[in-house]
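**Student:** Sequence:
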Amino acid sequence: MLTGVFILLFGLGILFNSASLVFIFTPLFILLNVLELKAIEEPELEKRLSKEYLEYKRKVPMFIPQLKTKIKK
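Under this note's numbering, the first residue of the sequence shown carries the number 59, and numbering increases by one thereafter.
Quick caveat, the hints were computed from the structure, so don't treat them as lab data.
These figures come from a predicted structure and were not determined experimentally.
Don't be surprised by glycine CBs; every beta carbon is placed ideally from N, CA and C.
There could be a bad hint or two in this list.
[To be verified] Straight-line Cα separation of at most 20 Å, EDC-like style, residue types lysine to aspartate or glutamate; simulated pairs: (1) Lys115 <-> Glu99; (2) Lys117 <-> Glu104; (3) Lys109 <-> Glu99; (4) Lys117 <-> Glu100; (5) Lys96 <-> Glu113; (6) Lys96 <-> Glu110; (7) Lys115 <-> Glu102; (8) Lys117 <-> Glu102; (9) Lys115 <-> Glu94; (10) Lys117 <-> Glu99; (11) Lys115 <-> Glu100; (12) Lys105 <-> Glu94; (13) Lys115 <-> Glu104.
[Stated by the list, open to error] If you anchor each label on the Cβ, the simulated ranges turn out as follows: (14) Ile82 <-> Lys109: 25 to 33 Å; (15) Ile72 <-> Ile98: 29 to 37 Å; (16) Val92 <-> Gln124: 17 to 25 Å.
I would like the entire structure built from these sequences, with the hints used as guidance.
**Tutor:** This is the structure:
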């Protein structure tokens with residue numbers, strides 16, 4: 059969902075020829091959402107799901123997945 063809002067803000071900035079929307083508000087939106095995710099959502103999930111969430115967090119990157127393919131020999 060956040061990716062969609064990011065693309066929407068970026069597109070609206072281009073549509074309305076608004077440099078401030080493209081270069082100020084869109085990055086600010088992303089920054090605030092990342093901070094909210096780290097400061098509020100992650101601690102809540104750690105409390106509710108404990109070990110399972112910590113294991114998941116250890117295995118899965120926050121933003122960009124690792125595109126490794128595991129080849130069995």
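**Student:** Give a verdict on every hint.
**Tutor:** Verification of the hints:
Pair hint Lys115 plus Glu99 holds up; C-alpha atoms about 13 Å apart against a cutoff of 20 Å. At roughly 15 Å between alpha-carbon atoms, Lys117 and Glu104 fall within 20 Å of each other, so this suggested pair holds. With a CA separation close to 16 Å, the supplied pair Lys109 and Glu99 stays within the 20 Å bound. Restraint check: the Cα-Cα separation between Lys117 and Glu100 comes to about 15 Å, which is no more than 20 Å; the hinted pair holds.
Proposed proximity of Lys96 and Glu113 is supported: the alpha carbons are some 16 Å apart, at most 20 Å. A threshold of 20 Å between alpha carbons decides the hint, and for Lys96 with Glu110 the separation of about 17 Å falls inside it, so the pair holds. Note on Lys115 and Glu102: the hinted pairing holds, with a Cα-Cα distance of about 13 Å set against a maximum of 20 Å. The hinted pair formed by Lys117 and Glu102 meets the criterion: a straight-line CA distance of about 19 Å does not exceed 20 Å.
Our distance criterion of 20 Å between C-alpha atoms is met by Lys115 and Glu94, whose separation comes to about 16 Å. Between Lys117 and Glu99 the alpha-carbon distance is near 18 Å, which keeps this suggested pair within the 20 Å criterion. Straight-line distance between C-alpha atoms of Lys115 and Glu100 comes to about 9 Å, which keeps the hinted pair within the 20 Å bound. Only pairs whose Cα atoms come within 20 Å are accepted, and Lys105 paired with Glu94 is accepted, the gap being roughly 16 Å.
With a CA separation close to 10 Å, the supplied pair Lys115 and Glu104 stays within the 20 Å bound. The beta-carbon spacing between Ile82 and Lys109, approximately 41 Å, falls outside the hinted interval of 25 to 33 Å. The hinted window of 29 to 37 Å between Ile72 and Ile98 holds, with their beta carbons roughly 31 Å apart. At roughly 19 Å, the beta-carbon separation of Val92 and Gln124 lies within the given 17 to 25 Å, and the hint holds.
When each numbered hint is compared with the structure, a violation occurs for hint 14 only.
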